[in-house]
Amino acid sequence: MTFLGWALPVLPLAAGALLLLAGRRLDRAAAAAGVAVSAAVVGLAIAAAVTRPSVRFPLLAGAPAGMAVDGLSAVLVVTVAAVTFAVLVYAAGELPAAAARSRFFGLMLVFAGAMLVTVTATDLVVLLMAWEVMGAMSYALIGYWWHDPDRVRSAGIAFLTTRAADMGLYLAAGCALAGAHSLSLTGLDGAGAPWRDLVAAGVVTAALGKSAQLPFSFWLSRAMAGPSPVSALLHSATMVAAGAYLLLRLAPLLAAVGWAGTLVAWVGAVTALVLGAVALAQRDLKQLLAASTCAQIGFMVLAAGVGAVAGGTAQLVAHAAAKSLLFLAAGAWLAALGTKDLAELHGAARRYRLVGVTFAAGALTLAGLPPLSLWVTKDSLLAVAADASPGLYAVGLAAALCAAGYGAKALIAVWRPADAATRRDTEQAGTGRVGRRQLLPLPALAAAGAVFGVVALPALAPAWRRLLGVAGEPGPGAGELALSGSLAGLVVAAALVAARRRANVTVPRWAAGPARHWLYLEAAAGALVARPVMALARALAGFDDRVVDGGVRAAAAAGRLTAELASGRVELRLDGLVAEAGRGTRRLGALARRPQTGQAHTYYAQTLVLAALLVIVVLLAR
Amino acid sequence: MTLQAFLLLAAALFAVGLYGALSQQSIVMLMMGLELMINGILVAGAAFWYFVSPGSADGQVLVLVAITVMALEMAMGFAVVTALFRARDVDVTDEAGDLRG
Amino acid sequence: MNENPAYLLPELCTLAGAVIGLLTGLFSPRARQWRVAVICAAGLLAGLVAAAVAAGRPDAVAFDTFMIDPVTHVTRVVVLAATLLVVALSAGSVRGHRRESEFYVLLLFAAVGTMVLGASADLLVLLSAYLLASIPGYALAGFGKDAAGTEAALKYYLMGALLGIVMLAGITVLYGVGRGTAYDTLREGLASAPAGAAAVGVVALLAGLMFKTGAVPAHFWVPDVTEGAPPAVAAFVTTVPKIGAFAALYRIAVELLPRAPVDWRLLIAILAVATMTLGNLAAFYQDNVRRLLAYSTISQAGYLLVPVVVAGRSGLAEQALLFYLAAYAVTNIGAFAVVVAVGEDRLAGYAGMVRRSPSLALSLVVCLLGLVGTPPTGVFVGKLLMLGAAVDGRYAWLAAVAVLNTVASVFYYLRWIVPTFARPAPPSTGGINLEARVVAYTAAAVSLLLGIGSGIALTFS
Amino acid sequence: MQVVAFWVLAVAAVAGGVAVFVVDSMARATFSLLGSFLCVGLEMLLVDLHYLGVLVILMMIMEMLVMAVFMIMYMMNPAGLMPMVMVHNNRGALIISGGVFAALVAGIVVIPWPARAGAPPRDVTFELGQALMGPKMLVMMVLGVAILATMIASVLLATHRGRYDRYGDALAAGRPADPTGADPAGRAGSADPGHPGGGDLA
Amino acid sequence: MLSVVIFLPLAAALGLLAVPRLGDRAVVLVWIGACAVDLALVVALWIGRGGGAADRISGETRVRWIPSVRASYHVGVDGLSLPLIALTALLFGGCAVYSLRLTHRVRAFAVLFLFLETVCLGLFAALDLLLFFVFFDLSIVGMYFVIVGWGHGDNIRSGLKFFLYTFLGSLVLLLGFIGLYLGAEPHTFDMVDLTRTPPLSGSPGLAALVLLAVGIGLAIKTPTVPVHTWLPPAHTDAPAAGSAILAGVMLKMGTYGLVRIAMPMLPDAWRRYAWVAIVIGVVGVLYGALVALAQDNVKRLVAYTSINHMGYIVLAVGAAGLAAGDVAARRLAVTGAVTQMVSHGLVTGALFLLSGVLYDRGRSYDLGRYGGLARGAPVFAALTAVAAFASLGLPGLSGFIAEFQIFTGAIGSGTAMAAAAGAVAILGILITAALFLRVLHRLLLGTDGELSGRVNDLRGAETAAIAPLLALSLVIGIAPRFLLDVIEPASAAVISLVAR
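Chains as they are written, first to last, in the numbering used here: chain A, 1 to 622; chain B, 1001 to 1101; chain C, 2001 to 2461; chain D, 3001 to 3202; chain E, 4001 to 4500.
In short, the hints are calculated from the structure, not lab data.
Bear in mind the structure is a predicted one, so any value in this text is a computation, not a measurement.
Incorrect hints may have been included.
Interface residues of chain C toward chain A, partial, derived using beta-carbon atoms under 7 Å [claimed, not checked]:
1. L2023
2. K2155
3. A2282
Stretch by stretch, here's where chain B covers chain C in the computed footprint (C-beta under 8 Å, at least three residues) [as the list claims (entries may be wrong)]:
4. 2056–2063
5. 2121–2133
6. 2162–2175
No residue lacks a Cβ here, since even glycine has one placed at the ideal position from N, Cα and C.
Here chain A stands alone, though its shape is the one from the complex (with noise of 0.2 Å):
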């Protein structure tokens, strides 16, 4: 079983590591390699799932590290390695020839690799380590096009973003060595007194910042500056679902802190309504993607929030594939129109059908419309929401509603006939072909999705939660699932009929604009952050160069310094060590070798006064 515990991460890893190490030589073998040891990754997944390895090895004095798959990693691991093959398959057909490929299937390999330690890690030490490198992979990936400023710099926002929630991730290990004395994940809601309560804080900001959930989520919309596998891969089943999963692993943590789970789970509500609304007025299919993959995720959180652990990693499964389709199809359209935006894509489904209808699939599972597994597995962690709280439902049914918005905006955007709106190449220069291998993966995509929302219904799910180790989570009501699923097929109807009769919907403009600039939290994240601590980090810098080697300085020029106070003049100029210095000590050197004057007589007349000052001193020190 070890050997299984240690192939799973430790193959795409090492595979990857090889493919960026050999640089461009491996270009040509790279996509090939890359396909072949995901699929490889997935069988051993599967294999891990059903035989449940662990092992153990020392890492830090004191904390012993393992990686152990047990129900919620199994179904994770599955999920993270079929989304990556399914991912690199399209991967394979979609990246140019000429394209640093060995590096991209290199960092992909690493990414689902550190990934899969990730969900596997059962102590902090592993968590953290895995949780870092994927950010910082994510960062290589939305970097992939690096002659690109902007790309680069979105990359980096999105890094640091990440990397300034991960904190909390350091914050929670010394906090759980302080009070439970020990880094391991189990352990962690039987902390003493103050030390729980900062282990909690810590995880949930790592954890609503790989999420991107209020206020992280701008960093997502960073993201999209990779290439469209890269999204594809980051936004369902790996980065993003970090976070959730995470918080679902540490269900038990939130709930013993109480204020915890509160929040967490009102962040993730108020994040899936919020976004839902930012993803509504978004005209460019990405972005759309993006921001409804936060409101997603905050189901997911809120489900963590509630306890309710089922129904979120119920969520995430289906969300991933979901997820992955829709960034896979947008990604399609993009290589081959040559574009995202929503108006110029119109008729693009009509023009490449088997995307069109897969896309279809995967927009409705979005939008929640029954039976679509998204419709279910929402509302059972609704359930579990409403139980705890009344609000936290209502904004959850609120949030759905916009899912189904946008979901079936997008929908209309793409499946409407082209029209004088519809454009190519605008973004970049378009294939105009969609490639066998890119399609590969879509219907089995499109499948899951679409159906894997029957582990949430009553007659499965008993043994989804035997699965996950989870009891006791109430299902959804019958009215509750006919209420949302309603709701959901009157939004996307209303939205079908105002797109055929071309409507316009008018948003205000109060909400427009926030909405469509992700309510300008980068901005506010640059004026309030970044830009204060570059300028304190200016300041700083200049009083070092002033003020702290000035004082040296002035030391140095001490004698000048009493020379001009003795005169009257004080005048501190700090320019240049030896200038300083020099004139101090040329100063004082001058003035030890005065008495040295080449006369014998003066050196006589010195002596004696100093002898006799001398002799005077003596007298006095009696």
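Given the coordinates of chain A, work out where chains B, C, D and E should sit on it, guided by the hints.
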């Protein structure tokens, strides 16, 4: 005739010699000043021997040493002056002031 | 009363070397005066052997006025070894001079005087030794008979004569109030002496010794003589007399002054601070290397005074002083040897020296860094012991001043070291002085070995 | 009687000393100095130091003769033909020496000098001789060496012609090649009678 | 054996001096050979130590040196010094390989570096305060000559500043050592004896003074804010190999001294004033990172990140002194501190060598004049990126292992002060991340700058010098046990010593 009287004489000679040593430009005159200082010391040494500790000969030896010192220093002084005069044709200290700073 | 001349064997060997050398010189053709150098070196070596043998014997007092103890042993060894180095150092530059014989002979006379200075237990012997150690120096300073040399001789002589007289006056006063000139008599006599007279006497006595050590207030001759005299002589007069003078100072501090009604520790501490600070400051921006070295020797004299301040109060003082003296002597001579070998006084003349003669440059660096007190040279160990003694003797502030001064001193030593690494190597000006080179290498090596093997050196002292 | 003699001699000695720096000729200065020394030698006789007193007198006569020779050699105004004012830093010198004198006088008056212990022996000179052969032997030994060193040193400095100038570099010449019309300095150096055992060692 | 390791480079240096007729290439090859043999010996020493859990000193040699002050040539290695000795040997080897194409006064350079290697090895192996000091001082001298002789820009001035500043520090340190010596009964300079029976335990005031002196001396060398101002100019104007050694090895002397001397010998005073170290550490972390963030000169920037990284170490040793804290956590902090010394040596050494490559090609360190270097110099870019990520503490590289232990140890010790300090210090990793991303963006990525055309890719020797450092950083980042197994017993010992 008291110790103090002798010492006063010694001090006077010493001070006069000191003045000469400090003020004379001519090296030979300067050396005279030095000799006068030793002159004072001779008086003081003799007086201390006689008035304080005549029991031991230390004072006498001191005077003897002082006389020898005087002779040797003067001999060296003349030699130095000769060498200096040969080398740069000066016999006053003021003109031997190249080395300074 | 012990009048066995064997107790003075090292001194007598040296003296014999001088006298035989003198006589040989009278009958040596001009080009073959090297025989005198050999004889003098033999005398010094014999003296060294005798001193080493004597070091194994128990302490004694010879002629009532000559103390034979570890201080004397070390003084003898260091003086003899340093003189030997100077003899070797000067061999190249005085070869064929019509007074070559006298040169060596006078060096040996001064060495004898210095050894007696360090061992004397009577103020009159001290004064006589002062004369014997000084007078050859005056002549040596003017050895070149050039304008600068004679001026140096004049200034050296004038300072020496005045301070000799001042010292004589001090001795007279101390004799007057202490009823004697022998240290043990005076020690008791001074206990009840009137403080005013004792203060005048002590200050005047120390003033004379300060002339020999080249310390404030009698340091004025040092730069002028060092610049004006032949370099080998400069090496001698800034090194050898110091050894005896510090030994004498230490002895006075331990034997003569303990019960004197004078705060002599403070007095010497003031002198130490003034000397090291003045020497260091004056050395800044000095463009003549010999003057630079002169001021450096002044500052070193300041450091050397520190163990004297705590003499008798710290167990480390004696060792600190003696070891520092030995290390200083060899290092200082090494630095001068480089100057002799390069034959260049301007600081600028050392630019690019690494290129021309790397090993000589290395010796220079070792010696100068040694003077800074950089480990593992001997001066470092000396400085360490000195600081330790100061702290131990409750003069921590003095140690702090010494540390500050050491840091400041780095500056001017580096001003010399740095240009040697400069890229453009101007054509060499100095001749090849083989003896000086060898002395430089030897001194640098000994300086290092003294530091590394200080354990061995210290067990013998 | 003795007291009177003391004070007379004392005043004369000081007056002689002062005269050294007041008179305007080197010759007079030299003889003033000699006078001062003679007075001091006589004062010594007053305190029973007969041998030393006489020694001082004789030594000083010799030394002043030498000094006279030097004056003639080096001073531009040996016979007082021209006014001689060659002082520097006169005020400073006056202040310092005056200050020293004042301090010394104050000390002499204020300090409680130790009382006399013991009495002078019958034969003072014998006592001196005994001391020199006994506890102070080293003093004279060292001084003897110093005298030797002084001879060598002063010769080295003062003469510009050594044995190799007179007998050739190989010391092979039978007769010294001395210049006939010797310059004064050279003669002075080689004929310096002032120090014991003077003369050119070569 | 250990003495052979220490003095082998010096012997090689003397050999180089003794054989004057040797081409530059041959000189460097001899140099590389000596470094390689020395490294092999160190590896043998490491392996020969075995995996014993207990901390012990191995390879001990003790020869009388200055018996009157009980100073001896006493060397030995334990878990604190062995990693640093290995780091020293490796880094010097890297510098030797890096200098393969050096043309300017090669022999002197090689001799100086071999001499410095002996000095650095000797310092970490020293078990006698005086011996420690000797090496401490010599390191300053040697580095001064490196800066003055082979530096660029305003190197004379920077070198002088470096020398005077650190020399002053060393003398203050010496005063502290003398204090320790005099405080011990019987007086001794021997570290083992001093550690066994801490001096001045009866007089807290004196102990505090001595700790102050030792602390100032080591702080200047480390350097900590506010006595760090010699560092940036010295680094900027030093040759690349010199900077690598200065940052990689010599800065460790200060922190090593804290762990080796200050903590175990003055446990009482250290516990009392641990908060000072904590405050200084945190200030250093944030200050160094922030000032680095505003730099446009690559080398200066890296120099300031050194201050930041050293700040973590000072914070860790400070937190380790809080007696109230959890023992296991404090051990973790000390282990982290030592790991950080090694990690920083590897990573910053590599960064300085890389900036040396940059200067070699473009004659400038100005970030604004480069850009898009990944295009023309992919290997350079890749290594720089790895080094940058290692420096910003990315897991999988050594920096994370070190910093994580420091944070966790400091916070985990459970005292409010250390926890708060640790929490604040975590901000440092965010700022360093920002500043290194800034470097990557402006140097390697984006569009070309005016000097980008001149920068061609790494040569074989350069890669061979830099890549092993980063590879080792990667190994430590992934499988740190081989290192931690050596350090942990020693840090446990330090913690128990400081608890007395």
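Taking the hints in turn, this is what the structure says about them:
no.: 1; hint: L2023; in the structure: 36 Å, violated
no.: 2; hint: K2155; in the structure: 5 Å, holds
no.: 3; hint: A2282; in the structure: 4 Å, holds
no.: 4; hint: 2056–2063; in the structure: violated (count 0)
no.: 5; hint: 2121–2133; in the structure: holds (count 4)
no.: 6; hint: 2162–2175; in the structure: holds (count 9)
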